[in-house]
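**Q** Fit chain B to the known structure of chain A by using the hints.
Going down the list, the sequences are from chains A and B.
Letter by letter, the first sequence follows residues 812 to 1214 in the numbering used here.
Letter by letter, the second sequence follows residues 614 to 872 in the numbering used here.
Zero decoy hints are in this set.
Here are the computed distance ranges between Cβ atoms for each label pair:
| id | chain 1 | residue 1 | chain 2 | residue 2 | range |
| --- | --- | --- | --- | --- | --- |
| 1 | A | L1142 | B | G713 | 25 to 33 Å |
| 2 | B | K728 | A | R1009 | 32 to 40 Å |
| 3 | A | D1001 | B | G713 | 52 to 60 Å |
| 4 | A | E1073 | B | S841 | 28 to 36 Å |
| 5 | B | D810 | A | L965 | 47 to 55 Å |
| 6 | A | V846 | B | K853 | 30 to 38 Å |
| 7 | B | S841 | A | P1129 | 47 to 55 Å |
Read the hints as simulated data drawn from the structure, not as lab findings.
Think of the CB as a built atom: it goes at the ideal place given N, C-alpha and C, for glycine as much as any other residue.
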Amino acid sequence: MSVLRQCLIVLTRVMAVCAAVSLSFAHAGEWFGFVSLEHQGFFHPPLDPPQQRSYFSLVAQPEYYHRFEGTKDSFTFVPFGRVDQYDPERSHADIRELTWLKVGEGYEWRLGVRKVFWGVTESQHLVDIINQTDLVENIDTEDKLGQPMVNFALLRDWGTLNVFVLPGFRERTFPGVEGRLRTSPRVDVDQANYESARGRRHVDYALRWSKSISGWDIGLSQFYGTSRDPRLLPGVDGNGLPVLIPRYDLIYQTGLDVQFTEGSWLWKLEAIRRRGQGPTYAAATGGFEYTFTGVFGTAMDLGLIAEYLYDDRGAGAPTPFQDDVMTGLRLALNDVQSSEVLIGVVNDRRHAAKFFNLEARRRLGAHYKLSLEVRAFAGAPVTDPTYFWRRDDYLQLELARYF
Amino acid sequence: MKYWIWIALTLLGAPVAQAETAQEKGLAIAVEADRRDKGFGDFTAHMEMILRNRQGEESTRRLRISTLEVKGDGDKGLSIFDEPADVRGTALLTFTHKVGEDDQWLYLPALKRVKRIASSNKSGPFMGSEFAYEDVASQEIEKYNYKFLRDETYEGKPCFVIERYPVDKHSGYTRQQVWIDQAEYRPWKIDFFDRKDSLLKTLVWRGYHQYLGKYWRADEMFMQNHQSGKSTLLKWHDYKFRIGLKDADFNEASLKRAR
Chain A
812 MSVLRQCLIV LTRVMAVCAA VSLSFAHAGE WFGFVSLEHQ GFFHPPLDPP QQRSYFSLVA
872 QPEYYHRFEG TKDSFTFVPF GRVDQYDPER SHADIRELTW LKVGEGYEWR LGVRKVFWGV
932 TESQHLVDII NQTDLVENID TEDKLGQPMV NFALLRDWGT LNVFVLPGFR ERTFPGVEGR
992 LRTSPRVDVD QANYESARGR RHVDYALRWS KSISGWDIGL SQFYGTSRDP RLLPGVDGNG
1052 LPVLIPRYDL IYQTGLDVQF TEGSWLWKLE AIRRRGQGPT YAAATGGFEY TFTGVFGTAM
1112 DLGLIAEYLY DDRGAGAPTP FQDDVMTGLR LALNDVQSSE VLIGVVNDRR HAAKFFNLEA
1172 RRRLGAHYKL SLEVRAFAGA PVTDPTYFWR RDDYLQLELA RYF
Chain B
614 MKYWIWIALT LLGAPVAQAE TAQEKGLAIA VEADRRDKGF GDFTAHMEMI LRNRQGEEST
674 RRLRISTLEV KGDGDKGLSI FDEPADVRGT ALLTFTHKVG EDDQWLYLPA LKRVKRIASS
734 NKSGPFMGSE FAYEDVASQE IEKYNYKFLR DETYEGKPCF VIERYPVDKH SGYTRQQVWI
794 DQAEYRPWKI DFFDRKDSLL KTLVWRGYHQ YLGKYWRADE MFMQNHQSGK STLLKWHDYK
854 FRIGLKDADF NEASLKRAR
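The following block holds chain B by itself, in its conformation from the complex:
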């Protein structure tokens, strides 16, 4: 499927673009966004999550993230929890797959136990936040079907607005509307629609910076839940690219010694 699209894009190019359907155009935009983010190799970053409830009460989580790009499959990720203090040292190892379920192992430091966990909880909240597991997981092209909706200016930037439909039946969403800028193919906003097709959440990205002269990462991601009134602000710090992570940094042994 994917290679077919590639052939279509590279051999036929622009003349076909006029004839393509909204589905093809939506997919082409997703493929281009994916292509532009390829080749980063690996990165580490610190993440701070500020959870806010309807009354404005806040609580904070801190974690450290390592990601390894895997050729031909989804990324591998290791998240280590630093706060709140009672979950300190807990670590989550994820192997994302383009097709099929992701693999997840959780390390519980008090018991020294590694637990393989079901990844069917992807619609569940990540650490009690407004981000679901599927929102923070590696975004693979194959995880959605696409449709181009329209061109629209978002905060002064010409954007594509595409709609994407999760392939996985365990997803918490019927559809997502994504605003992607036409200059750099970065996501700026997503509206999430729940299983009843009501607007559930809106995610916006703020403060993009370019790393290695190519890869764009935002300083902040803000998720507002319209139904509960709760929100989560994700702040990213200390992005480091190509520090030389390997497969050996993403296995059960590295999970057990993650600190």
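Isolated chain A, as found in the complex:
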């Protein structure tokens, strides 16, 4: 319960900052955001006694936006907090965004905490590297912790050049012993260690060039700094129990992301080369999405998605996706409620591992949204990271109120 109290303290502080910020801009800013109630139900009994079958949690993510009069400059503040019924690691708060934006003639400055997304593919996001994954939120790695940064963007005819200086490393979040969808033994984040002697104070750098040329959208990026995904090394905790200890290496990563759009086709490719985390390796994701519009004589769109996931480290790679094929269907009902369903399966081509994913959402009235997520894992051998989740098939329902 002390963790819960800490969370509440953090939330209270965050709210106090919100209040102070909003008072200082009292006349011109706007508040909005959402609160939601989430339930995760697991189909199978847990492997570890502290784990549960059913988890409720509450989320709040208010957002404050202020545009400075007569300019394109703005200030944005987005705190976030979750309180989980059982897992103190999943009960956490974060500043997702606290940014001052200055827009000039052909350039932009951004100072503060932010989230940046790079990439085009659907099954995984190889190139996306600026932000740390908030893994306790969702195993899809799409939830991110706010990253402190100085970002300069140069907007020219030859493309957009973004320069990032990233002080203040954020460690990945991992579920606690009470949480599901975790490794076994658990990850002991308190023992995290770094290749850099400066540890989490190491300043990271990134550069990205991007440009749209007719049907092509191209991005080239270079990152130098502390790897966002740690290696997990075996160790013991204070009680002599086995744990996994995150090890954050210094890496160089070069990334390429390309999308070609023509008619109903989207062709996508992401590729990276990473040096500094074991032997240098390369990985890629590529595929297509084809959309049939107005299917079955209705207003619905049906998209077919296929992507190939490759990692040249092969079976030894600390990723489940070394030689896998993802196939999926996206159904957009184009109705008043913006109902959408995405179904996908990732098949490992070397063994029988399968990862099944269903995401659906629908708006209710003007202010509510209901989201459903079902994930299931099958056939993973002991060497596959999803082997840890072999009993963690789950269904998640979330009802969010937007204001």
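**A** Structure of chain B alone, referenced to chain A:
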């Protein structure tokens, strides 16, 4: 093609008009309507969409629109969604082209992700409304073939009735009948015929106002779907012309910071 028409209209003028075919006359009317709306430069406006189903239940969307006129090509547009609340901050950047497909990028604020999207969905509903993407997109002359049908009075105004046939095979329509008034070349009504050539929808414009002493914009556009019984009322507010928008206000960077 277009220049040829211009030469025909300007050099030969009225005497040829009598000899022109229904296709030529239909095109000439579309060209004149386009010419009269040229030179606005840029504008911003607020749009409110009221969607109504057969049972009369309503839901509302609000968005802000910016448009930049592009010389020699279709307009550039940026739409920012304010309501419903769950899509707040979502933004759509569109580069319309006179010939070929339009380019569209969608910004999803929750993921901070810009997605280039296929523009082949033009027959699909815009935000669940009775307006298809192609109905709200910039209307370029080259997107249709034309035929003049007849002169007819619509709500007391002498009008041309022309028929136009979408060039794009992804269009949801075989043809559209358009009522354009002879005094100011403003559209007042369109009947849309679906791929089976049945009457699908009717769009009417209400409450035209003139801006900058030249450009006509309607306060309301009402679309009735005859087959589903649903309708959408589009209300326009706060039209502002020539506020000095530039190309730089219509790119990926401006899409990402659109709020």
